[in-house]
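S.K.: As a plain string of letters, each chain reads:
Protein chains: 2
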Amino acid sequence: MWADESAIGRSPDTGGYTRGGWSPTEREATHWFLDQCAARGLSVESDGIGNLIAWWGASDGPGVVTGSHLDSVIDGGAFDGPLGVVSALAAVDQLRAEGFEPGVPIGIGAFVEEEGSRFGMPCLGSRVAAGVLSAEKALQLTDRGGVRLSEALEGAGIDPAGVGPSPLLKRMGTFVELHVEQGRGLTAPVGVASSIWPHGRFRFTFGGEANHAGTTLMEDRHDPMLTYAMTALAANKQARLAGARATFGRISVEPNGTNAVPSQVTAWLDARAADTATLESLLAAITKQATERAERDGTTLEVTPESVSPIVDFPAGMRDRLVNVLDGAPVLPTGAGHDAGVFSDAGIPTAMLFVRNPTGISHSPAEYAEMDDCLAGVDALAAVLKDLAQ
Amino acid sequence: MWADESAIGRSPDTGGYTRGGWSPTEREATHWFLDQCAARGLSVESDGIGNLIAWWGASDGPGVVTGSHLDSVIDGGAFDGPLGVVSALAAVDQLRAEGFEPGVPIGIGAFVEEEGSRFGMPCLGSRVAAGVLSAEKALQLTDRGGVRLSEALEGAGIDPAGVGPSPLLKRMGTFVELHVEQGRGLTAPVGVASSIWPHGRFRFTFGGEANHAGTTLMEDRHDPMLTYAMTALAANKQARLAGARATFGRISVEPNGTNAVPSQVTAWLDARAADTATLESLLAAITKQATERAERDGTTLEVTPESVSPIVDFPAGMRDRLVNVLDGAPVLPTGAGHDAGVFSDAGIPTAMLFVRNPTGISHSPAEYAEMDDCLAGVDALAAVLKDLAQ
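Chains A and B are the protein sequences, given in the same order.
Everything in the first sequence is counted per full-length UniProt numbering, starting at 1 for the first residue and increasing by one.
Everything in the second sequence is counted per full-length UniProt numbering, starting at 1 for the first residue and increasing by one.
Wrong hints could be hidden among the right ones.
What the hints assert, rightly or not - Covered stretches of chain A (in silico footprint by chain B; criterion: 3 or more residues with CB under 8 Å from a CB of chain B, positions within the stretch not fixed):
no.	stretch
1	23–32
2	65–75
3	205–213
4	226–233
5	253–259
6	330–340
Derived by calculation from the structure, the hints in this document are not laboratory data.
Backbone N, C-alpha and C define an ideal beta-carbon position, used for all residues, glycine too.
Produce the entire structure from the sequences given, and follow the hints as far as they go.
M.R.: The following block contains the structure:
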C-alpha cells in the first residue's frame with residue numbers, strides 16, 4: 001500500500017509532493033483511497049466539501065474513527081497525512097485477520113485540504129464540517145491562481161451547494177489520528193499527543209513607493225523590502241527569546257522587477273507557541289519592531305490575522321487510555337496543527353498517535369520515518385482501535 | 001500624440017504600464033508608432049530582432065538618429081521610453097513645419113526590450129544590434145513564464161533566424177536619445193548627459209533546508225530567508241556608505257508556503273555606482289556580509305552576475321555641441337542604463353537629452369514630467385537635430 005500511495009504525484013525533480021485540495025494529484029490519491037476501501041468492502045460516506053469516512057461495520061450509530069489527510073503542502077513529504085490513512089487501512093486489515101469483531105463501527109477518514117496549502121486556511125475540510133468556518137466564507141476563498149473554492153469543488157465533481165456542517169460528525173463517537181511526528185521530540189517509536197500549540201497565520205502588508213533602482217537616491221526611498229527584511233530577522237529573534245516559533249516562508253512582491261524599488265511586499269508570518277499568552281506577546285513584539293522600522297523607512301504596515309487557532313488540550317481520559325493500552329508510551333505536545341484539534345474542539349473525544357521522525361524534518365521532500373517505526377504505529381493503532389471499539 | 005500613446009495598455013488598477021518586449025501591449029504601442037510613421041510618409045527599416053528606424057529623407061547614407069523605446073518595466077510610468085519616441089516625432093513635425101531641409105537623413109528609432117523586464121537583459125535590442133550579445137545567447141533567454149525569446153519573436157511574427165548584428169547601425173551616423181530624467185538631479189527643464197554609471201545585475205541564490213514552520217526548533221533551522229533578509233539590509237547600508245545604489249526588488253521563494261521554512265530564496269541585486277571601482281567594492285562588501293551570515297545560518301550562497309555594464313562616458317565633442325546649441329544647458333550623469341550607452345560603446349557619436357522630473361520618481365505609475373518641460377524637450381531636440389543634420 002505504501003509503495004502504491006507514495007508513488008502518486010511525486011515530483012521527479014525534488015522527490016516532493018504538491019497535493020493541494022481538489023487538485024489532480026490530490027484527487028488521484030483520493031481515488032486510490034476509494035479503490036482501497038472498495039477492495040475491502042468498506043462503505044464510504046462523504047460530506048458536502050469532500051471529507052470521506054469508510055466504515056467497517058453496518059450499523060449507522062456512532063463509531064470509532066481514525067484516519068488523516070491525503071493533501072500536502074507545496075513540495076512536501078510522503079508521510080505527513082498519508083501515513084495516518086495507510087496505517088488505518090493496515091490496522092483494520094490486521095484486526096480482521098485476527099478475527100476481531102468490533103462492538104461499534106470503525107471508520108477510516110480522509111479529510112480534505114488539511115494543510116491549507118491551496119486555499120490558505122489550514123484544516124479547511126474539518127473546520128467546515130465542524131461548523132467553525134461558514135460555507136459562505138469558505139466558498140469565497142481563492143487559490144493563488146484566482147480559482148474560487150466553489151470552482152475547485154465543481155472541477156472535482158462536487159456540488160458547492162452541499163458545503164456546510166457535516167452529518168459525518170454525528171457518527172464520530174471518538175477520533176484517533178495517527179501522524180508522523182514533525183520535530184525531534186519523540187525518541188520512542190510511538191507516542192501520544194498531549195496538546196497542539198496555539199497557532200496563527202498573519203499577513204503583513206508593507207507598503208512603499210515604487211521607484212527606479214538606479215536613479216533614486218538611497219535616502220529618497222520608501223522601500224518596503226527593507227521593512228520586511230528587518231521584520232523577518234526580528235521574528236526569528238523574538239521566537240528564539242520566547243522559546244516559540246516564527247517563520248516568514250511566503251512572500252509576494254510588487255512589481256517584483258530587478259530594477260525597481262518595490263511598491264509593496266506582502267509576507268505571511270506563521271507563529272506558534274506553547275500557550276496563547278506567549279503567542280500574543282510574540283506577535284506584539286514582532287509587530288512593534290516592524291512598526292518602528294516602517295516609521296524609519298517611510299513605509300506602511302498592516303497586519304491581518306488570516307487564521308488563529310487557540311491551544312488544543314486533548315482530553316485527559318482519551319490520552320491516558322491510549323498511554324495505558326500502549327504500555328506507558330511517551331506523551332508530548334506538538335507545534336503542528338491537525339484535523340484532530342478541530343474535532344477535539346468540536347467536543348468529540350479525540351486523541352493522537354505520533355510515529356517517530358528521526359531527523360525532525362517535515363514539510364519537505366526529506367521528511368522520513370523508519371519502516372519499523374511505521375509498523376509499530378500500525379500495531380499501536382490496531383491496539384487502540386480494539387480497545388475503543390470493543 | 002501623447003494622449004493616444006499613453007492610453008495604450010495602461011492598467012486601470014495602478015495607472016501603470018507593463019510592456020515587456022514583444023508582448024501584446026508593447027506590440028500595440030509599436031503598431032501605434034508604425035501608424036504615426038506611415039501618416040508622415042516616413043520609410044521604416046527594421047532589423048532581425050525588431051528594432052525600428054523611420055527615416056525622413058530618401059538617401060541611404062548615414063544619418064542623425066534619435067528616438068528611444070516603447071517597452072516598460074513591470075507597472076512602470078508613461079514617460080520612460082515613450083517620451084523620447086513621441087518627442088522625436090514632434091521634433092520632426094516642427095522641423096518640417098519650419099521648412100527645414102536636412103543635409104543628411106533624420107531617423108526616429110524605437111529599440112526593443114530596453115528595460116529587460118521580460119527577458120532579464122537590459123538593452124536587449126541594442127545589445128544584439130551592436131553585436132555585444134550574440135544571437136545564440138539571446139535566443140536562449142527565457143521569460144518568467146518559460147517562453148524563449150525565439151518563441152516570443154515568432155509570436156510577434158518575427159523570424160528568429162534573422163537575429164544578429166544589425167545593418168541599421170551602419171546608418172546611425174550620430175545618435176541622440178531624449179529621455180525623462182529619473183532622479184531629482186536636473187533643476188532646469190532640459191539637460192545633457194555626461195555619463196551612465198556602471199551597473200550590474202547579480203542573482204543571489206540562498207540555499208537552505210525546507211522544514212515544518214511549526215515543529216522545527218528555531219536552532220535546528222537552515223532558513224535561507226534569514227540570510228536573504230540580512231543581505232537586503234546589508235546592501236542598503238553598504239550603498240549608503242559608498243554613495244552608490246543597491247536594490248533587491250525581485251525575489252523568488254521555494255516552496256513559498258506559509259507553514260514551510262523555505263528550501264531556497266533567489267533574489268536579484270541591482271547595483272550601480274559612479275565608477276567601476278566603487279561598484280566592485282560595493283558588491284564585494286555585500287557578498288562578504290552575506291557569506292558570513294550564510295555560515296551562521298547553515299545556508300549556502302551563490303552569486304551569479306547576469307549582466308554587468310561598465311561606465312559610459314558620452315563623447316565630449318557631442319556633449320559640448322549639444323550644450324552649445326542649448327545655450328549652456330546643465331550637464332549631469334545618470335544611474336539609469338539606456339540604449340544610448342550601448343550605441344556609444346559601439347563607436348557611434350552619441351548624446352542624451354534629459355527632461356526634468358520634478359519628483360524624481362521613475363519605474364513607477366507615479367513617474368511624471370510637466371507638459372511645459374516636455375515641450376521644452378521637443379524644442380531642444382529639434383534644435384539639436386537641426387544642428388547635427390544641417
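S.K.: If you count the residues of the stretch 205–213 of chain A with a beta-carbon closer than 8 Å to a beta-carbon of chain B, do you get 3 or more?
M.R.: Answer holds; 5 residues pass the 8 Å Cβ test.
S.K.: Tell me whether the statement that chain B covers the stretch 330–340 of chain A is true, taking a Cβ distance below 8 Å and needing three residues at minimum.
M.R.: Three-residue rule met by the stretch 330–340 of chain A, so holds; n is 4.
S.K.: Three residues minimum, CB to CB under 8 Å: does the stretch 65–75 of chain A make the cut for coverage by chain B? Let me know.
M.R.: It holds, with 3 qualifying residues against the three required.
S.K.: For the stretch 253–259 of chain A, do at least 3 residues have a Cβ located nearer than 8 Å to some Cβ of chain B?
M.R.: holds (count 7)
S.K.: Using C-beta distances, would you say chain B covers the stretch 23–32 of chain A, given that this needs three or more residues below 8 Å?
M.R.: n = 0 at 8 Å, threshold three: violated.
S.K.: State whether the coverage of the stretch 226–233 of chain A by chain B holds or is violated, taking the criterion as 3 or more residues with Cβ-Cβ distances under 8 Å.
M.R.: Our answer is that it holds, as 6 residues pass the Cβ test (under 8 Å) against chain B, meeting three.
Of the numbered hints stated above, the single one contradicted by the structure is hint 1.
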